[in-house]
Amino acid sequence: MKRTTRGALVSMLALSLVAAACGSDDDESTATEAPAATEAETDATEAPAATEAPAATEAPAATEAPADGECTEPTEVKLQMQWVTQAQFAGYYAAADQGFYADQCLEVTILEGAVDITPQDVLANGESDFAIAWVPKALASREGGADIVNIAQVYQRSGTLQVSFKDKGITSPADFAGKTIGNWGFGNEFEVFAAMTAAGLDPATDVTNVQQQFDMVALLAGDIDAAEAMTYNEYAQVLEAVNPDTGELYTPDDFNVISYEDEGVGMLQDAIWADGTRLSDPEYKDTAVRFVAASLQGWAYCRDNVQSCADIVLAQSPILGASHQLWQMNEVNKLIWPAASGVGFIDQAAWDRTVEIASGAKNLDGATVLTKPVDDGAYTNEIIEAAHAILEGLGVELTGDGYAPIEVTLNEGGA
Amino acid sequence: MIHRLRRAAMFVVAMLLVVALWEGYKAIGPAKGGDVLGFGILPRTNDQVMPHVWSMVTGLFDPAQRQGDQTVLSVVLGGAWYSFRIALVGFAGGVAGGMAIAVVLTRFRLAERAILPYLVISQTVPLIALAPLVAGWGGKLQIGDWVWPKWMSAAVLGAFLAFFPVAVGTLRGLKSPNAASLELMDSLAASWWRTLVKLRFPSAVPYIVPALKLGGAGAVVGVVVAEISTGLKGGIGRLIIEYSRQATSEPTKVFTSIFGAALLGLTMAAIVACIDLALMRNRPKESAS
Numbered sequence: 035m036k037r038t039t040r041g042a043l044v045s046m047l048a049l050s051l052v053a054a055a056c057g058s059d060d061d062e063s064t065a066t067e068a069p070a071a072t073e074a075e076t077d078a079t080e081a082p083a084a085t086e087a088p089a090a091t092e093a094p095a096a097t098e099a100p101a102d103g104e105c106t107e108p109t110e111v112k113l114q115m116q117w118v119t120q121a122q123f124a125g126y127y128a129a130a131d132q133g134f135y136a137d138q139c140l141e142v143t144i145l146e147g148a149v150d151i152t153p154q155d156v157l158a159n160g161e162s163d164f165a166i167a168w169v170p171k172a173l174a175s176r177e178g179g180a181d182i183v184n185i186a187q188v189y190q191r192s193g194t195l196q197v198s199f200k201d202k203g204i205t206s207p208a209d210f211a212g213k214t215i216g217n218w219g220f221g222n223e224f225e226v227f228a229a230m231t232a233a234g235l236d237p238a239t240d241v242t243n244v245q246q247q248f249d250m251v252a253l254l255a256g257d258i259d260a261a262e263a264m265t266y267n268e269y270a271q272v273l274e275a276v277n278p279d280t281g282e283l284y285t286p287d288d289f290n291v292i293s294y295e296d297e298g299v300g301m302l303q304d305a306i307w308a309d310g311t312r313l314s315d316p317e318y319k320d321t322a323v324r325f326v327a328a329s330l331q332g333w334a335y336c337r338d339n340v341q342s343c344a345d346i347v348l349a350q351s352p353i354l355g356a357s358h359q360l361w362q363m364n365e366v367n368k369l370i371w372p373a374a375s376g377v378g379f380i381d382q383a384a385w386d387r388t389v390e391i392a393s394g395a396k397n398l399d400g401a402t403v404l405t406k407p408v409d410d411g412a413y414t415n416e417i418i419e420a421a422h423a424i425l426e427g428l429g430v431e432l433t434g435d436g437y438a439p440i441e442v443t444l445n446e447g448g449a
Numbered sequence: 002m003i004h005r006l007r008r009a010a011m012f013v014v015a016m017l018l019v020v021a022l023w024e025g026y027k028a029i030g031p032a033k034g035g036d037v038l039g040f041g042i043l044p045r046t047n048d049q050v051m052p053h054v055w056s057m058v059t060g061l062f063d064p065a066q067r068q069g070d071q072t073v074l075s076v077v078l079g080g081a082w083y084s085f086r087i088a089l090v091g092f093a094g095g096v097a098g099g100m101a102i103a104v105v106l107t108r109f110r111l112a113e114r115a116i117l118p119y120l121v122i123s124q125t126v127p128l129i130a131l132a133p134l135v136a137g138w139g140g141k142l143q144i145g146d147w148v149w150p151k152w153m154s155a156a157v158l159g160a161f162l163a164f165f166p167v168a169v170g171t172l173r174g175l176k177s178p179n180a181a182s183l184e185l186m187d188s189l190a191a192s193w194w195r196t197l198v199k200l201r202f203p204s205a206v207p208y209i210v211p212a213l214k215l216g217g218a219g220a221v222v223g224v225v226v227a228e229i230s231t232g233l234k235g236g237i238g239r240l241i242i243e244y245s246r247q248a249t250s251e252p253t254k255v256f257t258s259i260f261g262a263a264l265l266g267l268t269m270a271a272i273v274a275c276i277d278l279a280l281m282r283n284r285p286k287e288s289a290s
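In order, the protein sequence lines correspond to chains A and B. Mapping the first sequence onto our numbering, position 228 (from 1) lands on 262, and the numbers just tick up by one. Mapping the second sequence onto our numbering, position 273 (from 1) lands on 274, and the numbers just tick up by one.
This is chain A alone, in the form it adopts within the complex (with noise of 0.2 Å):
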């Protein structure tokens, strides 16, 4: 008895040890946070005063900034992406490649996505200064208290259909009722749950709600009618798939395919975000400008070269098929192209749909993406404003007016 009690104490003590040795982690954190925060400020203080000096003698305080067209000592950049390497991040690879990233004075690490990265959560962290993500996602974390702020939406549309075959007669969302249709959840759903809604069907008793693996095979073998797709991804992958009663590829004339931006309820979907606490901070606000420009000369150099683009994201990872990349470097060119605000620019419009469809649809279990309103801080377009200015000094094509599409062959499996 005395031994058990002995025993309990001694587990006590140490559970009461490693809480206690938690605790003093957080404290040396933020103790070492603190400095390094100070810092920052006496550097942005600093800087207006080292402008007013007339000579430059301050050379280690002039370095920093890139305005004298010198740049000695880039800026080092961390950019989160959502997924690992490909095409749907051309623009940023290209950007690195091209050297335009370089030319702003900025030396980016990018950071690669996976199975349990969520891009903004990285960024709030403070693990990385920008990340690319889809809004409605973004906007969550945002409600949830991350303070990151959008300032460059990349892709003008969504990419995101729902492909049936041709004998389904799936042409619209109202031909949903009584099928059984694929969403990926996750937060991915709510465009095929607003699509449903709008046509009038009720997704909880209308249809029948399946949520899809990440590839299609559920599509091609029948199990469900309609699988959600991303035009430069999943869309390609079908086109890839051999049709065993032809023996040749599945063409697109297989299948029917509704755009969700079409039916006018495309969410955004990849845009960079910055953390919104260090934009006060003139300093990381340069180093923003910069990043965007570089990234968006990144992007119009990818119109106008997809081919280029496409051989630069296969040699960074050489595990992918060559003419599938190609086919998602054009589809995202559409998703991107024309811009008529500017590549970059956040439409009012767009924006105040997906907020309304984010608080609007629900999915099965009567949840929306968000409850509460999105305040103001949560974009802007300060930041592409100032790099527009940056890009029109460098003469590049910001609206993509005469943009057109090339035509690409997809081969099996995407090779």
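Don't read these hints as lab results, they were simulated from the structure. Be aware that a few hints might be false.
[Stated by the list, open to error] Here are the computed lysine-lysine pairs in the PhoX-like style, where the Cα-Cα straight-line distance is at most 20 Å:
#1 A:LYS112 x B:LYS151
#2 A:LYS112 x A:LYS406
#3 A:LYS112 x B:LYS234
#4 A:LYS213 x A:LYS200
#5 A:LYS213 x A:LYS396
#6 B:LYS199 x B:LYS176
#7 A:LYS213 x A:LYS202
#8 A:LYS396 x A:LYS406
#9 A:LYS202 x B:LYS33
Bear in mind the structure is a predicted one, so any value in this text is a computation, not a measurement.
Put chain B on the given structure of chain A with help from the hints.
This is chain B only, laid out in the frame that chain A set:
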């Protein structure tokens, strides 16, 4: 010698048996899947879901990309080799950590009571919850000029799974000498350390060897899961996600990457078997199978 040959032959037979089962079910099973008593439990057998074994094998020799002469096999082997090195680092770290913990717990009874529950708790934390956390160390931790490399995070997760069986097995083994032997050491005025080296460790070996087998498997699983979860480039885990995304059009590719993972596990098992042979060479073979 004949014994060895027979074991090798048994291995081949076992492999063929798996192939025969796979192909046999594929031949007689329903192509679109089937119901047994109303439950859809019979897996479908079409080429999409169950490709022929020979098409998986020939798939290994397809070019990994249309342009370029690298075959899928060399990509898979490269990935397995990359992960294997990480798993080895994780395994070594896990074994060292596990044994150190076991020694400390043997030395201090109180520590055993206090720490053992935490060891058990540590294994209930899902790896995928831990992975992004540990991955965050990549590029952030810095000791002098040495920056924490990204692959190290995967090795840590491998070690995290490997250390537990080693710690528990070693602990049990270190406590296994009978009282008479311990009293003999005491009567010879042997220090605690000498008792550990001369008596406790040797008698712990039969407990450590099976623990190492578990630990080796744990290290491999930890590294592969960490790669999948954190997107570490170059390893077999990353290849599995990449190829499973291509499963729509090329179902055999996923299986080739799974072959790579299996090879990784087998190599690790072989290494542990060699350690086993080395450690157990002077022991009576009563438990050898």
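These are the hints, each one checked on the structure:
{"no.": "1", "hint": "A:LYS112 x B:LYS151", "verdict": "holds (14 Å)"}
{"no.": "2", "hint": "A:LYS112 x A:LYS406", "verdict": "violated (31 Å)"}
{"no.": "3", "hint": "A:LYS112 x B:LYS234", "verdict": "holds (17 Å)"}
{"no.": "4", "hint": "A:LYS213 x A:LYS200", "verdict": "holds (14 Å)"}
{"no.": "5", "hint": "A:LYS213 x A:LYS396", "verdict": "holds (19 Å)"}
{"no.": "6", "hint": "B:LYS199 x B:LYS176", "verdict": "holds (13 Å)"}
{"no.": "7", "hint": "A:LYS213 x A:LYS202", "verdict": "holds (9 Å)"}
{"no.": "8", "hint": "A:LYS396 x A:LYS406", "verdict": "holds (14 Å)"}
{"no.": "9", "hint": "A:LYS202 x B:LYS33", "verdict": "holds (18 Å)"}
Going down the numbered hints, you'll see the structure goes against just number 2.
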